[in-house]
Amino acid sequence: MQYLSHFSGYMENVTNNLFLYFGNRGGGMAGVKKKDIPDIAAFMPEFWEFVKSVWIPEDSDQYWKEVYDKAQELYQKYPVDFVKRQILGFCEYLDQKWQDERDKAGTEVKQ
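If you're matching positions, the sequence shown starts at 3 in the working numbering and goes up one per residue.
Keep in mind that the hints were calculated from the coordinates and are not lab data. Glycine included, each C-beta is placed from N, C-alpha and C at the ideal position. Treat each hint with caution, since some may be false.
Unchecked claim - Cross-link-like lysine-lysine pairs, in silico, DSS-like; alpha carbons within 30 angstroms at most:
1. LYS99 to LYS35
2. LYS72 to LYS35
3. LYS36 to LYS106
4. LYS35 to LYS54
5. LYS86 to LYS99
6. LYS106 to LYS35
7. LYS79 to LYS37
8. LYS35 to LYS67
9. LYS99 to LYS67
10. LYS54 to LYS37
11. LYS106 to LYS72
12. LYS37 to LYS67
13. LYS54 to LYS36
14. LYS106 to LYS79
15. LYS67 to LYS79
What the hints assert, rightly or not - Computed Cβ-Cβ distance ranges for the label pairs, DEER-style:
16. GLN74 to ASP102: 24 to 32 angstroms
17. ALA32 to GLN101: 36 to 44 angstroms
18. LYS106 to VAL34: 37 to 45 angstroms
19. ALA44 to GLY108: 40 to 48 angstroms
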């Protein structure tokens, strides 16, 4: 219980500090409309479909080729830094998720 009270106090301080930092930057969040960022607005639903289609990592060359091909296709369609970072971040997440699952299963991958 003592740990929980320390953690709660810590989180309250973090929350207050974030509020102070962001709250003093104009009083609110900046909004954006689809018309302001049409490429990103078009990318997001396609990215979500990509994420759903490969969410569960598989231990096969065919699966990773599919991930690579779909990622390349998205980036070629939307060649902007934001898109690149989203795709790379998600692919890194998939790789880590696959490694974690492999480690839990106690299997080794030949390199």
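Okay, the hints, checked on the actual structure:
1. LYS99 to LYS35: The given pair, whose Cα atoms are some 33 angstroms apart, is violated under the 30 angstroms limit.
2. LYS72 to LYS35: holds, 27 angstroms
3. LYS36 to LYS106: Status violated; Cα separation ~42 angstroms.
4. LYS35 to LYS54: Roughly 25 angstroms separates the two Cα atoms, so the pair holds.
5. LYS86 to LYS99: holds, 20 angstroms
6. LYS106 to LYS35: Violated. LYS106 to LYS35 sits at ~43 angstroms, over the 30 angstroms cutoff.
7. LYS79 to LYS37: holds, 18 angstroms
8. LYS35 to LYS67: Cα-Cα ~35 angstroms, so violated.
9. LYS99 to LYS67: With Cα atoms ~17 angstroms apart, LYS99 and LYS67 stay inside 30 angstroms; holds.
10. LYS54 to LYS37: holds, 26 angstroms
11. LYS106 to LYS72: Given pair LYS106, LYS72 holds - Cα atoms ~28 angstroms apart, limit 30 angstroms.
12. LYS37 to LYS67: violated, 34 angstroms
13. LYS54 to LYS36: holds, 23 angstroms
14. LYS106 to LYS79: It is violated: about 37 angstroms lies between the C-alpha atoms, which goes past 30 angstroms.
15. LYS67 to LYS79: holds, 18 angstroms
16. GLN74 to ASP102: 24 to 32 angstroms: With a Cβ separation near 25 angstroms, GLN74 and ASP102 satisfy 24 to 32 angstroms, so the hint holds.
17. ALA32 to GLN101: 36 to 44 angstroms: Since the Cβ atoms of ALA32 and GLN101 sit about 37 angstroms apart, the hinted range of 36 to 44 angstroms holds.
18. LYS106 to VAL34: 37 to 45 angstroms: Roughly 40 angstroms apart at Cβ, these two residues keep to the hinted range, so it holds.
19. ALA44 to GLY108: 40 to 48 angstroms: This hint holds: roughly 43 angstroms between Cβ atoms.
Comparing the model with each earlier hint shows violations of hints 1, 3, 6, 8, 12 and 14; every other hint is respected.
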